[in-house]
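Chains as they are written, first to last, in the working numbering: chain A, 1 to 290; chain B, 1001 to 1310.
FYI, nobody ran anything at the bench for these hints, they're computed from the structure. Owing to the predicted nature of the structure, the values given are computational and were not obtained by experimental measurement. We put the beta carbon where it would ideally sit given N, CA and C, even for glycine. Keep in mind that the hints are not guaranteed to be accurate.
[Unchecked claim] A partial selection of chain B residues facing chain A, derived with a Cβ cut-off under 7 Å:
#, residue
1, L1018
2, T1023
3, F1027
4, A1029
5, A1136
6, V1138
7, F1140
8, A1141
9, V1159
10, M1162
11, P1165
12, A1196
13, A1199
14, I1250
15, L1286
16, V1287
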Amino acid sequence: MSARANSVAGWWRRIFRRFGSLELLAGIALFAVILILILFRAQLQTHDPYVGDLYDRFSAMGVGGHLLGTDNLGRDVWSRLLEGIRWSISAAGLATVIAFLIGTVVGLVAAQVSGWVRTLLNQIVDMALAFPSLIIAIIIVAVVGRGFWPLTITLGLVSWPVFARVVYAETLSLLERDYVAASRAFGARRSAILLGHVLPGLRPTLTVVLAFHFADMLVAESALSFLGLGAPLGVPTWGNLLQESRDYLMVAPWLLIVPCAGIIYAVVTVNLIGDGLSSLARKRGLRIDL
Amino acid sequence: MKARISAGSRLLGNFVVLLLGITTLMFFALRAAGDPIIVMAGENAGPEMIAALRQQYGFDQPLLLQYLYYLGNVLKLDFGASLASGEAALPLVLSQLPATLLLAFLGMTVTLVVSVPVGAWLGARPDRASVRIVSAIVVFAQGLPGFVTALILIQIFVVQLMWLPSLGHADVRTWILPSLSLASFLAPKLIRVIAANVAEAMRQEYIRTARSIGSSAASILWREAFPNAILGTVALVSAQFAFLFAGAVIIEVLFLWPGIGLLLFESAQTLDFPVLQAITFVVAVLVFLVNTLSNLVFRRIDPRIGQAVS
C-alpha cells in the first residue's frame, strides 16, 4: 500500500519535474479544454449557431435545452460561443506568430549590426513601444476594413516591437557569454553561432513572451471586435457577442456574462502558462525581465 | 554639461523619430484607404469639387512631393479641418484633451492608492497564507481585460442596482466607474511589481541593521524598504502610459467620456483623416512629454542614474 502511494507520489513528482510548476500544469490543462472545444465543436454544438427561433428569444440559461440561453434572435448562445472560440483563438494566435517573426528578425538584426542602423532600429522600437499601438490598430483596421486577415495582420504589425526589444537585449547578452567567445575563437561562423548558440539561448525567454503576447492579442482582438472594428459582422467572436449583448443588458444579462467568462477564462489560462514558464526559467537560473 | 547636452540631443532625436514615424504612417494609411480626395470629399462630391480639392491639397503632384508637402503642413501644425464638423482638427482634439487627461489622472490616482499599500503589504511578508491568497487574486485580476471589467461594473452598478449614472462626465458620480475600470487593469501589474521590489528590498542588509537597532516593523517597511522599492515602480508607471492611453480609448467609448479616445473612435468610423492625424500627433507629443518627465523624476529620486549616464 505504502509502496503504491510512494509510486503515485513519485509519478506526480516526475510530472512536476517535467513541467516544473503547478501554474504551468494548470494552464496547460485549462488550455487543453479550449482545444477540445475547438476540435469537437461540431459534436458539441446543440443548435445551428447562425439560425434562431424567433419564438424562443431570450431563453435563460438551461431553459428549453439551451445550455447558455438564447439571444435576441433566439439563437443558441452555447453553440455560438463554440463557433466564435476558433475565430478568436486563431486570430490571436496568428497575430502573435506575425509579431514574433517580425520582432525576432528585427531584434536579431539590431544586435548583429552596428552604427546608425542599430541606432535607428532601436529608436524605432523604443518609440513604437511608447506609442499606444491600439490607436494605430484602430486607424488601420478602420481604413482596410473588418475581417480575419486585416485584423490579424494589423495586430501583428503593430505589436512586434515587444519581441524585437526582448530578442535584442537577450542576443546581446548571449553573444557575450564565454562559450560563444570560445566557439568564435575556434573560427565558428556568425551564422553557426546564431543557429547553434543564440537561437537556442533565446528559447526560454521567447516562450514566456509568446504566452503573454498571445494573451494580449486575445484581449486586443475582442476589444477591437467589440468596437466594431475587428471580426466581420455576424461572426460570433467574443468581442462581437459582447457588442450584441449591449442592447439587452436588462432582459438578458447572460448574453454579457457568457462572452466575458470566455475571455477571462482564456486570458487567465494563457497568463498561467506564461507565469509557469517564467517561474520554470527562474528555477533553472535564468532571469526574465519583461 | 556636455553630458546634459548630449542627453538633450538624444531626447530630441527620439522626438523627431517618433513624430516622423507617426506622420509617415498616417500618410500611407491615408493612401491605403484609396484615393484620399474621394475619402475626404465624401460620396456626394461632383467631379469639379474633387478636381478642386485635388489641386488644393496638392494631390495632382508626385507622391514624394505630396509627402514633403504634408510634412510641411504638420510642421506648421496645420492638419486641416474635420470632415465631419468642419472645425479645425488640432483645436478640436485639444478641446477634448482635458477630459482624457482627467480620466488618466483619476485612473492613475486610484491605481496608486490601491497598489502602494497592497503591494507593500504583499511584499513585506511573502510567506503568509493570507498574502498567498491575495497574490492569487491579483494574478487572476491581471487576466481581466479592462473593458470586460467596465462592462461588468456597468451591469452591476448601473443596470441592476441603478446606483450610478453611467454616461458622460458632467456629473462627478459618473467619474467613479471609468476610473475604477482603468485602475482595474493598471493596478494588478503595479501591485506585483511593488510587491516584488519591496520583497527584494526587505532582504537587504540595511533592513537587518534597522531591525537590529530596534526600528518598528512599520518604520522598516515605509522608511527603509519602500523608498528603495519605489524606483522600479516609477519606471513602470511611465512605461504604462501607452497602456493607460490605449485602455482609455475603449473606456471612453464605453462610458461616452468626451475625450480623445471617443473622438478617435468616432473619427475612425467616418475616416475623418484630419482629426485622426491630429490625434496621433497629440498622442505622440504626450508620449514624449511623459517619458521625458518620468526620466527627470527618475534622476531626481535616484542620483545614481544621472551619474551612470554621464
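Hints versus structure:
no., hint, in the structure
1, L1018, "4 Å, holds"
2, T1023, "12 Å, violated"
3, F1027, "12 Å, violated"
4, A1029, "5 Å, holds"
5, A1136, "10 Å, violated"
6, V1138, "11 Å, violated"
7, F1140, "6 Å, holds"
8, A1141, "9 Å, violated"
9, V1159, "5 Å, holds"
10, M1162, "10 Å, violated"
11, P1165, "15 Å, violated"
12, A1196, "11 Å, violated"
13, A1199, "14 Å, violated"
14, I1250, "5 Å, holds"
15, L1286, "10 Å, violated"
16, V1287, "5 Å, holds"
The structure fails to meet hints 2, 3, 5, 6, 8, 10, 11, 12, 13 and 15 from the earlier list, while all remaining hints are met.
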